[in-house]
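*Asks:* Guided by the hints, dock chain B onto chain A, whose structure is given.
Chains A and B supply the protein sequences, listed in that same order.
Count the first sequence with our numbering and you get residues 1 to 504, in order.
Count the second sequence with our numbering and you get residues 1 to 495, in order.
These are calculated hints, taken from the structure and not from any lab test.
A virtual CB, placed ideally from N, CA and C, is assigned to each residue, including glycine.
No false leads were slipped in.
With beta-carbon atoms standing in for the labels, derived distance ranges: (1) A:K260 x B:A411: 51 to 57 Å; (2) B:F385 x A:K237: 56 to 62 Å; (3) A:K90 x B:S116: 55 to 61 Å; (4) B:K371 x A:Y435: 44 to 50 Å; (5) B:R179 x A:I235: 36 to 42 Å; (6) A:K260 x B:R179: 23 to 29 Å; (7) B:N180 x A:G127: 49 to 55 Å; (8) A:K260 x B:A97: 39 to 45 Å; (9) B:V297 x A:S227: 56 to 62 Å; (10) B:N180 x A:E135: 33 to 39 Å; (11) B:R179 x A:S227: 34 to 40 Å; (12) A:E264 x B:A97: 39 to 45 Å; (13) A:R216 x B:R356: 49 to 55 Å.
Derived DSSO-like pairs: lysine-lysine, alpha-carbon spacing no greater than 27 Å straight-line: (14) A:K205 x B:K183; (15) A:K89 x B:K341; (16) A:K237 x A:K271; (17) B:K338 x A:K117; (18) B:K184 x B:K315; (19) A:K117 x A:K454; (20) A:K230 x A:K249; (21) A:K454 x B:K370; (22) B:K371 x A:K89; (23) A:K117 x B:K365; (24) A:K117 x B:K370; (25) A:K454 x B:K365.
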Amino acid sequence: MTRCPGTAGRMFRFLALLTAIVAAGSISPAVAAAEANAAPAPAASALAADARIDPVQEPPKPDAKPAESKPADAKPADKKDEKKEEEPKKDRFFAVKGGVVHTVSGGDLRNVTVLCKNGKIHAIGAGLEVPKDAEILDAAGHHIYPGLVAVRGTGFHAGSNPDDGTDVFSLNMTLGLAAGITTVLSGDAVAKMTFGSVEDMVVRKEPLVSLNYATRSPEQRRKLRQSFDKLLEHIRKTEAYEQEVKTNKSAEKPDDKWIKGENEKYLKLLKREAVAEIAADTAHDLHEACDLAGRYNLRMVVRSAYEGWTIAPELARAGVSAVVTPRTRVDADELRSRANGSSIENAAILYNHGVRLAILPPGLSVSTWGVVGEDLTHFNMEAAFAVRGGLPQDAAIRAMTLDAAKVLGVDHRVGSIDVGKDADFCIVDGDLLHYMTLTRWAVVNGRIAFDREKDTLLSHIRPGGDVNAPAPNDYWPRRLGADWTAEPGVPATPAKPETRASAP
Amino acid sequence: MRNFFRLSITAVTTLLAAASAPAQTGGEEKFVVVKAAKVITVSGEELSPGMIVIADGKIRLVGQNLEYPDGATVIDARRETVMPGMIHPRTRFQLPAFNRGGVHGDIKAGDEVVPSQVEFEEFLQAGFTSVCYYPFGSGIAGVSSVMRTGGPETLRKLKDAAYLRVDMTNPGQDKATLRNALKKAQEEIDKVAKAKEEWDKKQKEKAEAEKKKQEEQQKKEGEAPKPGDKPQPKPEDKPQPKPEDKPPPKPKADASGATGAGDATASAADTGAVPPPEPKPGEPPKEGEKKDPEQFVPPTMDAKHQPLIDLIQGKTDVPLFIELDQAADYLHAEDVLKPHKQFPRTYMLGQRLPFRESDYDYTVKELGEKKTRIVMPPAVFYLPFSVEQVNLVADLTKAGCEVALAPWFDAPLEFARFRDRLADLVRAGLDRKDAIKGATLYAANAVGMGSRLGSIEKDKDADLAFFAGDPLNPLSKVSRVMIAGEIVWNAEEKK
Numbered sequence: 001m002t003r004c005p006g007t008a009g010r011m012f013r014f015l016a017l018l019t020a021i022v023a024a025g026s027i028s029p030a031v032a033a034a035e036a037n038a039a040p041a042p043a044a045s046a047l048a049a050d051a052r053i054d055p056v057q058e059p060p061k062p063d064a065k066p067a068e069s070k071p072a073d074a075k076p077a078d079k080k081d082e083k084k085e086e087e088p089k090k091d092r093f094f095a096v097k098g099g100v101v102h103t104v105s106g107g108d109l110r111n112v113t114v115l116c117k118n119g120k121i122h123a124i125g126a127g128l129e130v131p132k133d134a135e136i137l138d139a140a141g142h143h144i145y146p147g148l149v150a151v152r153g154t155g156f157h158a159g160s161n162p163d164d165g166t167d168v169f170s171l172n173m174t175l176g177l178a179a180g181i182t183t184v185l186s187g188d189a190v191a192k193m194t195f196g197s198v199e200d201m202v203v204r205k206e207p208l209v210s211l212n213y214a215t216r217s218p219e220q221r222r223k224l225r226q227s228f229d230k231l232l233e234h235i236r237k238t239e240a241y242e243q244e245v246k247t248n249k250s251a252e253k254p255d256d257k258w259i260k261g262e263n264e265k266y267l268k269l270l271k272r273e274a275v276a277e278i279a280a281d282t283a284h285d286l287h288e289a290c291d292l293a294g295r296y297n298l299r300m301v302v303r304s305a306y307e308g309w310t311i312a313p314e315l316a317r318a319g320v321s322a323v324v325t326p327r328t329r330v331d332a333d334e335l336r337s338r339a340n341g342s343s344i345e346n347a348a349i350l351y352n353h354g355v356r357l358a359i360l361p362p363g364l365s366v367s368t369w370g371v372v373g374e375d376l377t378h379f380n381m382e383a384a385f386a387v388r389g390g391l392p393q394d395a396a397i398r399a400m401t402l403d404a405a406k407v408l409g410v411d412h413r414v415g416s417i418d419v420g421k422d423a424d425f426c427i428v429d430g431d432l433l434h435y436m437t438l439t440r441w442a443v444v445n446g447r448i449a450f451d452r453e454k455d456t457l458l459s460h461i462r463p464g465g466d467v468n469a470p471a472p473n474d475y476w477p478r479r480l481g482a483d484w485t486a487e488p489g490v491p492a493t494p495a496k497p498e499t500r501a502s503a504p
Numbered sequence: 001m002r003n004f005f006r007l008s009i010t011a012v013t014t015l016l017a018a019a020s021a022p023a024q025t026g027g028e029e030k031f032v033v034v035k036a037a038k039v040i041t042v043s044g045e046e047l048s049p050g051m052i053v054i055a056d057g058k059i060r061l062v063g064q065n066l067e068y069p070d071g072a073t074v075i076d077a078r079r080e081t082v083m084p085g086m087i088h089p090r091t092r093f094q095l096p097a098f099n100r101g102g103v104h105g106d107i108k109a110g111d112e113v114v115p116s117q118v119e120f121e122e123f124l125q126a127g128f129t130s131v132c133y134y135p136f137g138s139g140i141a142g143v144s145s146v147m148r149t150g151g152p153e154t155l156r157k158l159k160d161a162a163y164l165r166v167d168m169t170n171p172g173q174d175k176a177t178l179r180n181a182l183k184k185a186q187e188e189i190d191k192v193a194k195a196k197e198e199w200d201k202k203q204k205e206k207a208e209a210e211k212k213k214q215e216e217q218q219k220k221e222g223e224a225p226k227p228g229d230k231p232q233p234k235p236e237d238k239p240q241p242k243p244e245d246k247p248p249p250k251p252k253a254d255a256s257g258a259t260g261a262g263d264a265t266a267s268a269a270d271t272g273a274v275p276p277p278e279p280k281p282g283e284p285p286k287e288g289e290k291k292d293p294e295q296f297v298p299p300t301m302d303a304k305h306q307p308l309i310d311l312i313q314g315k316t317d318v319p320l321f322i323e324l325d326q327a328a329d330y331l332h333a334e335d336v337l338k339p340h341k342q343f344p345r346t347y348m349l350g351q352r353l354p355f356r357e358s359d360y361d362y363t364v365k366e367l368g369e370k371k372t373r374i375v376m377p378p379a380v381f382y383l384p385f386s387v388e389q390v391n392l393v394a395d396l397t398k399a400g401c402e403v404a405l406a407p408w409f410d411a412p413l414e415f416a417r418f419r420d421r422l423a424d425l426v427r428a429g430l431d432r433k434d435a436i437k438g439a440t441l442y443a444a445n446a447v448g449m450g451s452r453l454g455s456i457e458k459d460k461d462a463d464l465a466f467f468a469g470d471p472l473n474p475l476s477k478v479s480r481v482m483i484a485g486e487i488v489w490n491a492e493e494k495k
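Extracted from the complex, chain A is given alone in its bound form:
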């Protein structure tokens, strides 16, 4: 693709090495694993460079040890997988050939095949032997990115229970996939856009605990801190009890019946088992959030931190991740003595200080109406805004993939193209951050969930806006009277829709 300038040059240093490893069939997600397994440092004392801690320890990581001659079928412990194994099922293979693979965790790979087995990436390499019954997607001339991760989105899944209620053929899901998004935090669950399938939809439930820590309500903040103090006291008592019970059997266990509801969630936060999410945009709010994170040693995500650039070092020291909307524009108040207001350089400055970033557009839905380009329909353009402000391209892409997955604590499943991770790809016809780039295919769990040429709404859009480009091979959806049982590949004659008046 001539339009694609390629990603950061330093990635190419890995290319030769990785290709060599891959050819030997022993690719391992070493880069990702090394980073993901970095021990969480005490937040308050961590330096900026070390502060990119993993927000979640709870989910197991894919097997990071180098695989044998054949790549191990890394399976993270998952309840659904166990269920599946009850009935012997034929392995479902899917392979993406051709195209440039942007692994995000490692580098860019050319001339490789990504082989997926049962919805997981099974092997990446040149000259891989692809099983005969594999579904093969020829993505030559395209760019294969991991499916994008939106750290919040609405209208994609059923609210309370995505597994049960989601309309998996909905227009919203199609539009989300057309924007390249394959994983989204919908309601309380991180769920996938499994178009046409209700299997393996939910990745993780309740990844974030929202805290209301608004500056305007000091009373509320005091109450929250009081709850935290009470719980900390409880944790101390419990630890003391655990020590004492070793010698004294009659030791009294501290009462924990009152720990339910909110308190139960808070306890998880204090034990660093969950991630706190705070809406904080101005420097003052951000400062307060950092203070809270430091005081109670919390893992924290701040949302819409548009003044983050003014206190980036503080955010970095507190080990706080930030969900930013780079295009946000808030005029500076000239009467203030300190730097304030939004900056297009916000994301870049935060990144340079070592704050983990996730990017979100101002609108969290997808729509075919409203202000064009300000919602998840143009997710990639939001990252392009950040690049405009100086964020490196690869960092911008990470903020939509791997780093976003880390913010949600699902980076063991999604966010990069690595062996053992889910086979979620967003295959685009150019540079991901270019405004003319469109998603050609979206793959979720090793199934083609979106094919632009077969879509009702988008199939008429020709690559690169070329109106003279040939029409899609398979005229789809099959119009009235068209013989859809015809062999695939045979250009179906666009059936002239019969009008109701033209009776025989």
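*Replies:* Here is chain B on its own, set in the frame of chain A:
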């Protein structure tokens, strides 16, 4: 034409003896003969002209040149086309609506229908001879009942349980309802299996004790006792071992008081709440040991879950009738029923979106591969958010489904318009035969009456609709309707 008939009639009279032979042996048989310009048999070729010989409400012969006894009533329909009466596979015409959720497998829709309160004539004049009333409500509302729209009261009821209606139009809730209902049904089966297991154990121990006692007696008396000595174990007689004898070993502390059958079941019912890890669901527990004088009385099962219990045990062929609103609902339904692939099931493809939009297009292939039985309104649908039309009925049929067609909603006007809608489908690419089958034979299959209704064949019921012309021509009206060999509705009389 007329000459031809006259000829055939005269020829027939000479051969009467053969035709009326069964009449002499089995009492008086009532013969009715229909002579029509055209007979659409549905199962076979169209006959033009055609003739149907009906004996006692059942079709005896179908052909062009048939023999019939002298006293037969001849219905002259030589200007009419005869077709099997249409079947409405899902209606609630003139029955009240109410809110009811949860599982109600014990409810039969037929019990709600009071024939005098329903204007069945609306069905008759549209050409429907049978209708299937469904129970109202979400969740698992109950079983549907098939009945005729006319004819003598005694012949009205055709089937009490045609299908078990399962609502899946709101999978966010309905999925859980069905999942829990299946779980409960399995628990009920396990409960009985466990009771049986315990009962068996107890019987075995009892028999052993008996044997021991006999051996002791044998030792004492020194001679073999008669085999017929075995005590009749009535509950009252049970304390057979005399007080001085060694009492039979008690099976377990909890069942110590159990001596009779009634007690055994009671104790089993008490413990039956906990399902055992290894059940044997396929085995009907009632037919255990026949030789044993004592009968095992299984604990009562929940009647509301009975249809599901029967399905799990493979005892019934009453299918699930799963109602959908959109394509995703189908996937959700299949998701719940994954462990129960053997369940017979019918899908009702309803629609929620306005303007006849529907996305079932996505599932056509899968439905076809499974040869799914489908009930749906006869309409050309629009793809969602587009002006493109798809003939889903034709696509599904082509893919391998059996598509029964049902009027869109319960209104006389819609019943009357039903054949027009069939014509619409044919115009949009559906095979004419499939359209007619969808209204007759496939609809009969969908309500489990395929062996009796839906086509003009030997031994099927003589439920026929007469049309003034081609049934798919909107101008041709229903002229007569026959049910069980009797004309029950005649357009001439209604003028």
